[in-house]
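A.B. asks: Protein chains in written order, with the working numbering: chain A, 923 to 1282; chain B, 208 to 541.
No lab work stands behind these hints: they were computed from the structure. A couple of the hints might just be wrong.
To be verified - Distance condition first, Cα-Cα at most 25 Å in a straight line; then the derived DSS-like pairs of lysine-lysine:
1) A:1170 - A:1182
2) B:232 - A:1282
3) A:1282 - B:516
4) A:1254 - B:459
5) A:977 - A:1182
6) A:936 - B:367
As the list claims (entries may be wrong) - Chain A residues, not near chain B, derived (Cβ > 12 Å throughout):
7) 1013
8) 1016
9) 1039
10) 1124
11) 1182
12) 1260
13) 1262
Ideal Cβ positions, reconstructed from N, Cα and C, are used throughout, including at glycine.
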Amino acid sequence: MKFVDEFRSSDYSKLLLETLQNSSRDKINIMEVCGTHTMAIFRYGIRDVLPGNVKLISGPGCPVCVTPQSYIDTALDLSSREDVIIATFGDMMKVPGRKSSLLKKKAEGSDIRLVYSPMDCLTLAADNPSKQIIFLAVGFETTAPMTAVTAIEARNNSLSNLFFFTAHKIVPPVMEALVTDKELNLDGFLLPGHVSAIIGSKAYEFLSEDFKIPGVVTGFEPVDILQGLSTLISLISKKDYSIANDYKRIVRTSGNSEAKEYMNKAFNVVDSNWRGIGKVPKSGLEFNRDFEEFDALKHFEISYEEYDGSSGCRCGEILKGKINPTQCPLFKQACTPENPIGSCMVSSEGTCAAYFRYYK
Amino acid sequence: MSTITLSHGSGGTQTNQLINDVFFKYFSNDILNQMNDAAHLAIDFKKLAFTTDSFVVNPLFFKGGNIGKLAVCGTVNDLAVSGAKPLYLTCAFIIEEGFAMDDLKIIVKTMAEEAENSGVKIVAGDTKVVEKGNVDGVYINTSGIGVIYENVNINCANAKLGDVIIVNGTIGDHGMTILCERNNFGFEGDLSSDCASLNTLVDCMLEVYDGIHVIRDATRGGIAAVLNEISDFSNVTIAIEENLLPIKEEVKGAAEMLGFDPLYIANEGKLCAFVPEAQAEQVLFAMRTHPLGTNASIIGRVTDELGKKVYLNTVVGGKRLVDMPSGILLPRIC
């Protein structure tokens, strides 16, 4: 078996599309929660080939997009400190704060390093003992375990100059907020593949039990997505509210227990602000007392007031799937990938970026 | 270990030593050896092609080449895809104080070999040495002159309805190799830069059909950038087929992991040519007889749609825009 080819097969795709074409004619609203799904759906032109009664709505599953602007501004302030090296994932570089972005700060001389894994910060900290390294710890359940492991490793290696500015978020609570939103009228969820690899397909059972909404966990190749949609539409038309797993090559029912253990070890679950969505109860992660020595805000004695984002930008409604980007007056006008106003235009997984890049 | 010092750039004895022991040793040719302040060239021409390019790359040495090979191939290719026979190059080095002499020799030797391989002479040069930290190892600029073949009119404004688009092999190899080596991701597989001089391949294409409308090498910004430029200048819409794109498994895998699209990843030995459909088979056949064209294939065509857009017809039968790359390529979070 090759790496991805089987999951990009035109033949399988055609078969799956035939099944979809022959399925229910009722109007069906499906939300793909994950930003990587949004991108893949556009990249493969999947919206073009779906039956007209199936509407895909893009959800809030892009970690950069849901990070409030106040977080970015605080990170920018931290990057101005002479004694600090900011380490960050690439996606964060272009996100606009009120006055600047990390990319601009770097050009002006701030020491900002792009890392591919939080673990890279261990070397950075060891190599720069006179500097304080701050990792911008954003992301969902996919990245939070690595933050925890990195902190544990820093402790094991007696590194006292590595800190984390955390804004980790967890996915199921925000889905609950979306499900209860009457305006959206969702019939089912295409569930995120990467997040599910950590939390397991079982983590979504509340959807069927409490809200009678089915969901299918699936991967990111075209065949994965079409298979997932086919299963989901079949569940919806049978009024079967189960959670199915069509990504068994990666996702287990109970997820990755080791990764979950690391998260539990380092973090407490707290209420968290999602850009454009507002405060969602129990949807964020914060270092617990045993790990608070790694908390950059505590170490640098910073507190900041949370605020959302730019005026005129309709990211909030886009993140909730209530409008699509073309309905935002800033889209393609004032807001472009070169000059993004909202974070949904910045991130490679943002809904606005997907529409901008791929929408015909 | 011998290293480059500031005195190698001061214009005195050490500079001369460096020129003689390294640059002249490898680049030696009748024109350079005259040691004039400027190279004296006698060119019998109607139309000249003249180009320049600067090379900065990290790491300096990578699988499939080094900065020196890039510096020669890059300029040779810019001339070749303009329909010119590359003749002469100049090269200028900006070297960081403390740079290893042995590394410099390897780079210069590679340049000499690549120049010989592509049939060009390096006829003038310059060296500057700057204080440590002011450049990253070594930067190289090359400029080149070539003679444009008679009856050949290659221009990125020439793409026309009915043209098919041919690439000479797998895309994204160079960019993915550099990215993986730079970050040491530990991917296993046969990732190697495609860095190569394309002039003999272009010759072989023009020999069978000298009416080729457009040839461009797809460097920074990848195939996507080049197709967008051509669509824009020629005022045509282009459609490419996802299932016809030649991409190595390793490149596909690494790009997928990092969230990159191979269409946007740099190449250093790939061109795309716009050829009228009637001549396409002939050109393709000729390309496949050349070592740099064995995997040549048709990836798309100019369509009759109005506008200046590039589309990709996807494996599932969908259609999406392939827009101009914007900003720097940044890897995704998860």
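A.B. asks: Please go over all the hints and tell whether each is borne out by the structure.
C.D. replies: Hint-by-hint comparison with the structure:
1. With a C-alpha separation of about 19 Å, the suggested pair residue 1170 of chain A and residue 1182 of chain A falls inside the 25 Å cut-off, and the hint holds.
2. The suggested pairing of residue 232 of chain B with residue 1282 of chain A is violated, with an alpha-carbon distance near 56 Å, which exceeds 25 Å.
3. Straight-line distance between C-alpha atoms of residue 1282 of chain A and residue 516 of chain B comes to about 9 Å, which keeps the hinted pair within the 25 Å bound.
4. For the proposed pair residue 1254 of chain A and residue 459 of chain B, the alpha carbon gap of about 30 Å is over 25 Å, so the pair is violated.
5. Restraint check: the Cα-Cα separation between residue 977 of chain A and residue 1182 of chain A comes to about 33 Å, which exceeds 25 Å; the hinted pair is violated.
6. With a C-alpha separation of about 32 Å, the suggested pair residue 936 of chain A and residue 367 of chain B falls outside the 25 Å cut-off, and the hint is violated.
7. Residue 1013 of chain A, annotated as away from the interface, has a beta carbon of chain B within 12 Å; the closest lies near 5 Å.
8. For residue 1016 of chain A, the non-interface assignment is contradicted: its Cβ lies about 7 Å from the closest Cβ of chain B, within the 12 Å cut-off.
9. The beta carbon of residue 1039 of chain A sits about 10 Å from the closest Cβ of chain B, which is not more than 12 Å, so the claim that it is off the interface is violated.
10. Listed as a non-interface residue, residue 1124 of chain A keeps its Cβ farther than 12 Å from every Cβ of chain B; the least gap is roughly 20 Å.
11. No Cβ of chain B comes within 12 Å of the Cβ of residue 1182 of chain A; the nearest lies about 16 Å off, and the non-interface call holds.
12. With a closest Cβ-Cβ approach of about 6 Å to chain B, residue 1260 of chain A is found to fall inside the 12 Å limit, against its non-interface label.
13. The non-interface label for residue 1262 of chain A is inconsistent with chain B: the shortest C-beta to C-beta separation is roughly 10 Å, within 12 Å.
Of the hints listed earlier, those the structure fails to meet are numbers 2, 4, 5, 6, 7, 8, 9, 12, 13, in rising order.
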